[in-house]
Amino acid sequence: MTAIDDLFAKLRASGKKAFMPFVTAGDPNMAFTSKVITRLQELGCSMAEVGFPYSDPIADGPVIQASYTRALGNKLKLQQIFDQIQTDKANWSMPLVAMVSYAIIHRQGPESFIMAAKQAGFCGAIVPDLLVEESPKMSSLCRKHDFNLIQLVTPTTPPDRALRIAEASSGFLYFVSVTGITGERTQLPEGLVDRVGWLKARTSLPICIGFGISTPEHVRLLAPVSDGLIVGSAIVRCLESASSSEEQALQNAGQLVSSLLAALET
Amino acid sequence: MSTIDSSLPKMVEPQSSASMQVPDASGRFGDFGGRYVPETLTRALDELVVEYQKARNDPDFQAELDELLHRFVGRPSPLYHAKRLSGLIGGAQIWLKREDLNHTGAHKINNTLGQALLTLRMKKTRVIAETGAGQHGVASATACAHFGLPCVVYMGAEDVRRQKPNVFSMRLMGAEVRPVESGSKTLRDAVNEAMRDWMSSVEHTHYIIGSVIGPHPFPQMVRDFQSVIGKECREQCLSSIGRLPDAIVACVGGGSNAAGMFYPFIQDTSVRLIGVEAGGRGAQSGEHASPLTFGSPGVLHGSYSYVMQDDDGQTSDVHSISAGLDYPGVGPEHSYWKDTHRVEYTSCRDDEALGAFDLLARNEGILTALETCHALAKAAEIAKTMSRDEHLVICLSGRGDKDAAELARLRGQQW
Chain A
1 MTAIDDLFAK
11 LRASGKKAFM
21 PFVTAGDPNM
31 AFTSKVITRL
41 QELGCSMAEV
51 GFPYSDPIAD
61 GPVIQASYTR
71 ALGNKLKLQQ
81 IFDQIQTDKA
91 NWSMPLVAMV
101 SYAIIHRQGP
111 ESFIMAAKQA
121 GFCGAIVPDL
131 LVEESPKMSS
141 LCRKHDFNLI
151 QLVTPTTPPD
161 RALRIAEASS
171 GFLYFVSVTG
181 ITGERTQLPE
191 GLVDRVGWLK
201 ARTSLPICIG
211 FGISTPEHVR
221 LLAPVSDGLI
231 VGSAIVRCLE
241 SASSSEEQAL
251 QNAGQLVSSL
261 LAALET
Chain B
1 MSTIDSSLPK
11 MVEPQSSASM
21 QVPDASGRFG
31 DFGGRYVPET
41 LTRALDELVV
51 EYQKARNDPD
61 FQAELDELLH
71 RFVGRPSPLY
81 HAKRLSGLIG
91 GAQIWLKRED
101 LNHTGAHKIN
111 NTLGQALLTL
121 RMKKTRVIAE
131 TGAGQHGVAS
141 ATACAHFGLP
151 CVVYMGAEDV
161 RRQKPNVFSM
171 RLMGAEVRPV
181 ESGSKTLRDA
191 VNEAMRDWMS
201 SVEHTHYIIG
211 SVIGPHPFPQ
221 MVRDFQSVIG
231 KECREQCLSS
241 IGRLPDAIVA
251 CVGGGSNAAG
261 MFYPFIQDTS
271 VRLIGVEAGG
281 RGAQSGEHAS
291 PLTFGSPGVL
301 HGSYSYVMQD
311 DDGQTSDVHS
321 ISAGLDYPGV
331 GPEHSYWKDT
341 HRVEYTSCRD
351 DEALGAFDLL
361 ARNEGILTAL
371 ETCHALAKAA
381 EIAKTMSRDE
391 HLVICLSGRG
401 DKDAAELARL
411 RGQQW
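Protein chains in written order, with the working numbering: chain A, 1 to 266; chain B, 1 to 415.
Source of the hints: derived by calculation from the structure; they are not laboratory data.
Keep in mind it's a predicted model, so treat the numbers as computed, not measured.
Incorrect hints may have been included.
[What the hints assert, rightly or not] Taking lysine to aspartate or glutamate and the EDC-like style, the derived pairs with C-alpha atoms no more than 20 Å apart in a straight line are:
| id | chain 1 | residue 1 | chain 2 | residue 2 |
| --- | --- | --- | --- | --- |
| 1 | A | Lys77 | B | Asp310 |
| 2 | A | Lys137 | B | Asp31 |
| 3 | A | Lys118 | A | Asp160 |
| 4 | A | Lys75 | B | Glu176 |
| 5 | A | Lys35 | A | Glu247 |
| 6 | A | Lys75 | B | Asp31 |
| 7 | A | Lys77 | B | Glu390 |
| 8 | A | Lys118 | B | Asp312 |
[Claimed, not checked] Residues of chain A clear of chain B, computed beta-carbon distances all greater than 10 Å:
| id | residue |
| --- | --- |
| 9 | Gln41 |
| 10 | Glu42 |
| 11 | Gly61 |
| 12 | His106 |
| 13 | Gly121 |
| 14 | Leu130 |
| 15 | Arg202 |
| 16 | Ser204 |
[To be verified] Only some residues are given here: those of chain B computed to face chain A with a beta carbon under 7 Å:
| id | residue |
| --- | --- |
| 17 | Phe147 |
| 18 | Asn192 |
| 19 | Gln284 |
| 20 | Gly286 |
| 21 | Asp312 |
All residues carry an ideal CB built from backbone N, CA and C; glycine is no exception.
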């Protein structure tokens with residue numbers, strides 16, 4: 001059992017949903033990332049997803065890509081992410097999940113990466129470019145270290161494959177709402193609620209929906225059918241101005257997150 | 001790195017275990033290859049595997065492609081005995097496989113016509129492509145104009161600048177060229193941007209990848225379409241020389257012309273195969289684009305292969321004078337050939353490539369693409385160490401007209 005498993009057990013028992021913001025590590029520096037995580041927890045978020053900047057992200061839209069470029073432009077190294085999270089983790093009771101490309105994991109060696117991430121304070125990882133076919137080795141290492149490997153299902157995933165992915169996933173299942181890259185959308189695709197509902201009836205694993213979610217309307221639409229919602233680009237965009245004013249950036253992100261959390265409660 | 005002749009052992013009795021029966025069903029060439037992409041692309045890649053296998057076994061598909069390659073592209077491309085150059089170098093007899101004489105001026109058209117035919121078979125209605133030197137962009141624009149498909153080409157802004165004639169050609173044929181301003185503004189960023197487009201458009205769009213890179217089945221499929229080079233060359237050697245050549249040299253960026261040339265010779269172990277990467281300004285990281293020579297295995301653009309990366313797994317910046325070789329990764333089959341010792345890989349500096357441009361221009365009357373000049377320069381060194389009754393083939397992958405303006409700029413001359 002990881003902290004993520006505990007979290008969803010508690011949420012389900014009380015009929016609540018998870019709200020999971022995404023924040024880019026090191027944009028513009030790790031000290032600020034820590035402050036953001038602290039603020040997100042104070043606001044009542046259930047969990048945070050920490051994006052590990054990667055030089056060639058193909059699943060990410062312009063907002064997150066630009067945040068990765070800024071962080072790497074400031075010479076962010078993997079070890080700095082681990083060090084800062086480890087230093088500050090005592091301040092947070094909510095679980096942290098790493099969103100990290102397999103290119104980075106492979107370079108460290110999967111087991112070394114898992115051990116380092118776990119020691120730093122991460123409970124699991126979302127690896128957007130590791131397909132279920134390529135994941136058995138990583139999966140078994142994650143099981144060995146009681147670390148969640150959260151897999152993704154998308155609108156282009158055929159139903160039988162979605163069930164296979166759910167089977168291989170742990171912690172929760174990441175349901176990608178759109179056929180496309182990360183980034184805010186004004187409209188979410190038709191049939192999304194039905195597709196999530198279909199899968200939810202067939203797996204006991206919690207299902208969280210992400211990609212494109214940015215407004216209270218989205219939250220109200222999707223919360224009932226899922227176990228949680230993930231919001232990334234909309235928050236990262238609020239934090240873009242951090243290098244000129246950290247307080248302003250935190251305030252902007254805080255306002256957005258509060259409005260989304262309020263929608264989750266209703 | 002400029003003295004390849006002394007540093008490379010001559011493989012008289014190569015002990016290579018390289019197989020032609022690769023990749024396996026999961027797209028692996030030994031350890032290399034595979035599929036490291038977001039789940040969103042899986043269904044399209046699976047469909048492509050199925051459709052490509054069907055097409056391979058369909059005589060009508062092969063016949064249609066062969067007819068196009070013959071009457072539209074002008075194949076077979078000649079195998080030309082460069083006697084004057086051979087005499088000047090004073091070693092092996094040098095033969096040029098003239099892919100530069102293909103319609104659109106490079107080998108890239110062999111692949112784009114095949115993939116455009118597949119696009120139609122899959123009933124997809126839009127094509128996207130990435131390009132570095134612009135040769136693959138032009139070949140994609142050409143195939144799309146031929147079949148009436150809309151085409152969007154992603155090209156790094158730096159490459160748009162240094163390969164203007166190709167940008168203009170693409171637009172003349174109705175393609176939309178989208179300059180990519182992110183990262184190093186070169187081929188790698190163009191691939192990223194094309195992948196992102198495909199993430200959103202995958203249901204109706206086919207991505208014609210221009211090299212033997214990317215997720216399975218692209219490395220295999222592009223190699224197969226380019227293998228027409230090696231198959232023709234093998235027959236031409238047998239009829240013109242009366243036997244197989246002693247050595248074959250090709251340049252390697254992503255590695256499509258080299259893969260297409262080498263693959264039909266993989267089991268002819270008497271033939272030395274030499275791939276030449278871009279050595280740029282020198283051996284320090286950031287100064288070259290030679291992942292097989294200086295890199296390490298890692299994941300980039302959907303497959304596991306040699307790549308230039310830092311300790312964290314971030315892709316490193318690379319440099320080459322030629323836009324087509326200015327790429328931090330390489331096709332997974334080349335990594336497999338390197339590790340099985342079937343192909344020797346070396347690298348050639350910018351200045352050596354520029355020298356080779358003049359060598360062929362002035363002594364044979366052929367303007368060669370800067371990419372191909374890397375193979376020329378190393379081939380000249382290797383030929384020198386061989387005897388006059390030995391034969392060396394160079395894959396002359398592209399023509400040099402596109403580089404005229406950039407050459408003039410580099411030399412401070414008027415264009």
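Hint check, failures only: Numbers 3, 4, 6, 7, 11, 12, 14, 17, 19, 20, in rising order.
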